[in-house]
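Participant: Those sequence lines, one after another, are chains A and X.
Residues are numbered in our numbering as their position in the first sequence, beginning at 1, plus a constant of 39.
Residues are numbered in our numbering as their position in the second sequence, beginning at 1, plus a constant of 808.
Derived by calculation from the structure, the hints in this document are not laboratory data.
Note that the structure is predicted; figures quoted are calculated from it, not measured.
Any given hint could turn out to be false.
[Claimed, not checked] With a straight-line Cα cutoff of 27 Å, these simulated BS3-like cross-link-like pairs (lysine-lysine) come out: (1) LYS780/A to LYS688/A; (2) LYS716/A to LYS696/A; (3) LYS978/X to LYS891/X; (4) LYS294/A to LYS967/X; (5) LYS961/X to LYS275/A; (6) LYS550/A to LYS594/A; (7) LYS417/A to LYS594/A; (8) LYS205/A to LYS428/A; (9) LYS550/A to LYS108/A; (10) LYS149/A to LYS484/A; (11) LYS594/A to LYS415/A; (12) LYS415/A to LYS603/A; (13) LYS440/A to LYS428/A; (14) LYS229/A to LYS210/A; (15) LYS599/A to LYS583/A; (16) LYS969/X to LYS275/A; (17) LYS430/A to LYS762/A; (18) LYS967/X to LYS275/A; (19) LYS84/A to LYS891/X; (20) LYS739/A to LYS716/A; (21) LYS961/X to LYS248/A; (22) LYS248/A to LYS967/X; (23) LYS294/A to LYS969/X; (24) LYS762/A to LYS641/A.
Each chain is listed here by its residues.
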Amino acid sequence: MKTNRREFIKISSMGMGALALATTPVLGWVPGFLKDDYTNPDDSKAKRYANYCEVCFWNCAGWVYTDEKDKIWKIIGNEDDPHSNGRFCPRGTGGVGMYNDNDRLKTPLKRVTDESGKQTFVKISWEEAFDTIAEKMTEIKDNYGSESFALFKHGSSGKHFAQLLKAYGSKNIAAPAYAQCKGPREEAFKVTFGHPLHSPEPLDIRDTKCLVLIGSHLGENMHNGQVQEMSEAIGKGVNIITVDPRFSTVASKSKFWLPIKPATDLALLLAWIHVIINEEIYDQKYVEKYTFGLESLKKHVENYTPEWAAGITTLSAQDIRDTAKEMANASPAVIVHPGRHVTWYGDDTQRLRAVAILNALLGSWGRRGGFFMPEKAKLPKYPEPKAPKPKWSWRDISPGKYPLAGTGVTNLLIDASHPDYEGDHKIKAWFIAGTNLIASIPDIKRTLDALNNQEFVVVVDTMPAEITGYADIVLPECTYLERYDSPRLAQHREPNIALRVPAAEPRFDSKPGWWICKEIATRIGKGDFFDYKDFSEVIDWQLKQVGTSLEEMKKIGVKKLNRKYDDLYFLEDEEIEFHTNTGKIELYSTTMEANGFDPMPKYTAHQESSEGFYRLIYGRTPAHTFSRTTNNPNLTALKAENDLWVNPKVASEWGFKNGQKLWLQNHQGKVSEFPIKIRITERIRWDSVFTAHGFGRTDKRLTRGYGRGISDSEMVSDVKIDKETGSTGMRNNFVTFLTEKPNTAKKES
Amino acid sequence: MRYGMAIDTRKCVGCADCVVACQTENNIPIGYTRDWIAELNEGTYPNLHLEIRSERCNHCENTPCVRTCPTGASHIILGGIVKVTHEECIGCGACIQSCPYDARYMHPDGYVDKCTFCDHRVANGQEPACVSVCPTHCMYFGDLDDPNSEVSKVVAANKIKTLAPEAGTKPQIFYLV
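Put together the whole structure using the sequences plus the hints.
Facilitator: Spelled out as structure tokens, the structure:
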């Protein structure tokens, strides 16, 4: 019975079905609605509330306007905010849709099983939800220790849940933002320059003369500040080099587009390093003064010639040489962009090491037009008792594995939760806050097997994301537009603080994350870790310690502070001690070597597609962030479903027509739940297909997202783990086309 | 006074923030738009060219939409902004047919609606919503009659084109290419 204890509950068996139907839909157009108040709301009559965006991790600060009726009207960027410079992206502008979405989670829900064994969610009170959770947390702690309760989190409210787990006694906390996204990049830059990049990446794009993008599709990913600076740089005549098997938006704005064979990027990077060293066009003064290991590196890349790389990448040796020279000509005002979602092939730390090395040779780290030295504002910690010390953490789950992992690895927590785990550090219960693990972590089957092995699962979200269907308790959080959270303290050229205050009362019976955590903490005897009535008290106290206040911040939204430490760029001939073992920028990494890894990146060939299969490449579309936006009324109006980019040669071989619906099957036999429309376009290589991430929603409660397009995550069952960081390489999956779904065909016959 | 726009296709990434901002600013019902993104792709792999641009009513100098309107609902206001008085519109759709840019749509309330250059904002000295939010700063708005306005300078200094010039409408939106 245990395996199907947490079977996915479909809407037909939902206890709250009637509730959902009874709600009046105000989304889309309602006759008469606009006639009544057609006149444009007037900025001068509107009220505005400070906030920072939660639609993506860029967290742009802005103003939420409410109209005369105190209804949320529009969201506009804050001009003092270095992330947005007063201009949001479509997702931030469309953030109003997160608030207006009538598919939102409305009340706490509890999984119940009736006498016949049928499972349903029933609506419960917050009191009952909290009592149940507190009881289970105590039980888990008594039976297995508090460490066996894990937290998967994303976004601002994740901080409150991390605080709850800390008070409870567990450090088993992880976010997909690391092992499914930027983990390898952070560690590669750390071992090279002594410093990870963090977010937003300190790239001096506005002043760069040469921007190199490897698989990074700026402009389709709307990393706002970077897109803005790229546009500014285009105005100043920047030379862009784009490496992508797809003719991306930014490829169309590039001086060089290198249509590389996918999965061979490291060969190109090594050949570039070869050219730059052998033609002695690196920044010689910088390299001599600041770096360690040039001679070893020179020897190491001896055979990685452009001619060698040409055979692997399908690019021409001449193009490889020309682009290397283009970078060197711009040096040090050149950026080989480190990317963000870099978990591709399982040797990602090594690939990002090559990126870091290339930047070091070009002298771009710490230089104008390269990487600036960011600074971050700090707020003192609100007083709290000493937290219990957990006996073990995620690092102990598989000792010796992933030695460079700098923060919690989601898939390690899944390993410790899985029935096949034989170690001593088992996970028995999950808290999931603001991350839809079904879409964010590859190999869904393994995630579900681990989940089904749990004694208790709580999911907190604003939307009925797929993961909520597997919970024992579902808690409806209000959106970022309806709650207080900790001020944003992200690094930038100037340290700054951005405020979030609610612009409206929470809709339905949703509640802020801080309140949820405080109530649970109180019931497990840890209320003193949440020693306040309202979270605004914490914010005000913290702000007052640094000479401002909640009152002042409500008026300005963003406060820029003066830099306290180093300059934005290295000074001429400045003596610098880097935080590496040698105190230098390590071209030859002593940390990698000490941990048993190649001290300099070596090229290894990756799996290739077989006849009739195409490498699945996924990415972003400007209107969406992850699965969290694919039910948003404003954003689905822009793009409701993804399509599959297919080269015309491939389409003609198969006899496909543009817009035809196809199911996909990957090389391990996994078939997509839904079909996807194909877009026949010259903009994609013949050996690959491309689609946007976050679509193909399987939960019927998502009325706009359900069944629209396919989920790329669903097609990623073959995962290649990065040995250094434990990150999950997801671009080793190959798909073929099915004109009908196999099991559907069976039913019909 | 002649309001117009210049849009730099070299900078535009087609994110459609202009579309969403227009919808929230002007309470456009979901599923309808006054502005949109056009993408034109030419060539064969790997020799490709892509142009992306934000489109809307061209606020033409020669306006077939106003000429065909039987009630006078479609009209031109100061500064050359083409508008529709919703109360006077009978929803016949003649203007929609006559527009070479497909810039007008039938509002579900039965009248024709279109871009106003956000004249309610312009009256307060603000830029149209689409221009004010664009993260790539690819749009310029202002008085084309004033040679010192930013939009005039941008139009004068760059290679430009207009859409469907063969229609003879004298559009007031210029694309930098």
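Participant: Just pull the numbers of the violated hints for me, sorted ascending.
Facilitator: When the structure is compared with the hints, none of them turns out to be violated.
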